[in-house]
Amino acid sequence: MNEEEHTYSLAAYLIAQLGKNYADGANERITGAEFLALAVNQIELLQYQAGGMVIFLETNNDDKLRSFYGNNRFQPFDRRTTERKDKESHELIQLLRLL
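Take the sequence shown: its position 89, counting from 1, is numbered 648 in our numbering, and each next residue is one higher.
Treat the hints loosely; a few may be bogus.
[As the list claims (entries may be wrong)] Derived EDC-like pairs (lysine to aspartate or glutamate); straight-line CA-CA distance at most 20 Å:
{"#": "1", "residue 1": "Lys-644", "residue 2": "Glu-617"}
{"#": "2", "residue 1": "Lys-579", "residue 2": "Asp-637"}
{"#": "3", "residue 1": "Lys-579", "residue 2": "Asp-622"}
{"#": "4", "residue 1": "Lys-623", "residue 2": "Asp-637"}
{"#": "5", "residue 1": "Lys-623", "residue 2": "Glu-603"}
{"#": "6", "residue 1": "Lys-646", "residue 2": "Glu-593"}
{"#": "7", "residue 1": "Lys-623", "residue 2": "Glu-587"}
{"#": "8", "residue 1": "Lys-623", "residue 2": "Glu-593"}
{"#": "9", "residue 1": "Lys-579", "residue 2": "Glu-593"}
[Said to hold, decoys possible] Cβ-Cβ distance ranges computed for the label pairs, FRET-style:
{"#": "10", "residue 1": "Asn-561", "residue 2": "Leu-651", "range": "19 to 29 Å"}
{"#": "11", "residue 1": "Ala-596", "residue 2": "Glu-564", "range": "30 to 40 Å"}
{"#": "12", "residue 1": "Ala-585", "residue 2": "His-565", "range": "42 to 52 Å"}
By construction, these hints were calculated from the structure, which means they are not laboratory data.
We put the CB at the ideal spot given by N, CA and C, even for glycine.
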């Protein structure tokens with residue numbers, strides 16, 4: 560806990576750049592929920608070996624994405640504004656899931 564800034568630090572497994580390939584029908588081979596479950600299952604194996612209790616990810620502030628992750632037991636906890644290469648800012652939703 561950082562008392563000066565009134566913040567907490569939390570170690571978590573990060574899922575970064577999760578996405579499906581929609582070229583040539585590749586998106587028909589696995590659902591998004593199955594793909595996310597594979598990532599979570601791998602993290603659960605790591606948790607058994609190394610410890611930890613939380614999975615963290617960020618996603619664009621999009622209704623479909625928020626619904627998808629909510630349906631897969633991720634809960635929003637914060638928001639972050641960031642800039643793209645073209646200097647345009649956009650908001651990311653930060654999500655956690657307890658193992």
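> Can you list which hints this structure breaks, lowest number first?
Replying inline: 2, 5 and 6
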